[in-house]
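Generate the whole structure from the sequences, applying the supplied hints.
With this note's numbering, you'll find the sequence shown wraps up at 161, consecutive numbering, no jumps.
Please keep in mind that the hints were generated in silico from the structure rather than gathered at the bench.
Capping the alpha-carbon separation at 20 Å, the derived lysine to any residue pairs in SDA-like fashion look like this:
(1) K109 <-> R133
(2) K134 <-> G91
(3) K138 <-> A94
(4) K75 <-> H96
(5) K109 <-> Q85
(6) K128 <-> H143
(7) K128 <-> Q107
(8) K109 <-> V95
(9) K109 <-> A94
(10) K109 <-> S90
(11) K120 <-> P78
(12) K128 <-> S118
(13) K120 <-> S99
(14) K134 <-> G61
(15) K120 <-> H100
(16) K75 <-> S139
(17) K128 <-> I70
(18) K134 <-> S66
(19) K120 <-> G67
(20) K120 <-> I70
(21) K120 <-> A94
(22) K120 <-> I145
(23) K138 <-> T62
(24) K138 <-> H93
(25) K109 <-> T64
(26) K134 <-> Q107
(27) K138 <-> V95
(28) K128 <-> Q85
(29) K109 <-> Q136
(30) K134 <-> T104
(31) K138 <-> S81
(32) K75 <-> Y146
(33) K75 <-> A147
(34) K134 <-> Q85
Model, not experiment: these values are computed from the prediction.
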Amino acid sequence: MIKRALGFFAVLMLALLAGRFAAAMPQSHGTATLSGVVIGPDDKPVPHASVSYQVSDGSGPHAVHCDSHGHFTITQLKGNNYDIRASAKGIFSDWQKNISLRKGQTKSIELHLIYAREMPTPASASTKPH
32 MIKRALGFFA VLMLALLAGR FAAAMPQSHG TATLSGVVIG PDDKPVPHAS VSYQVSDGSG
92 PHAVHCDSHG HFTITQLKGN NYDIRASAKG IFSDWQKNIS LRKGQTKSIE LHLIYAREMP
152 TPASASTKPH
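See the structure below:
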């Protein structure tokens with residue numbers, strides 16, 4: 032009877048210690064990752080393009096840059112909806128809106144640069160002397 036009580040007490044103490052140890056360990060909050068590539072008007076990846084992103088309610092704007100192959104990775108995102116846009120040399124992509132990310136999820140997207148900051152002006156017509 033005493034052996035059984037001591038065994039039960041030992042198991043109980045180990046369980047309590049394990050619970051305290053686990054509580055002292057840093058907890059992973061489970062973040063999400065958004066990665067992708069920026070594609071230029073020539074349908075090729077755009078090295079070092081800028082990628083802007085924010086929570087879909089407009090809060091927390093941030094930016095990252097692509098690598099030399101046009102790829103980007105945004106880590107440590109909380110589960111939420113995000114808006115994202117790319118730009119390079121005065122050319123922009125559309126905003127990709129309400130990209131839903133859950134904790135622990137990784138999502139990949141392509142951003143296509145299509146809009147110039149200013150519309151190109153037509154070359155002035157040359158007039159030939161008579």
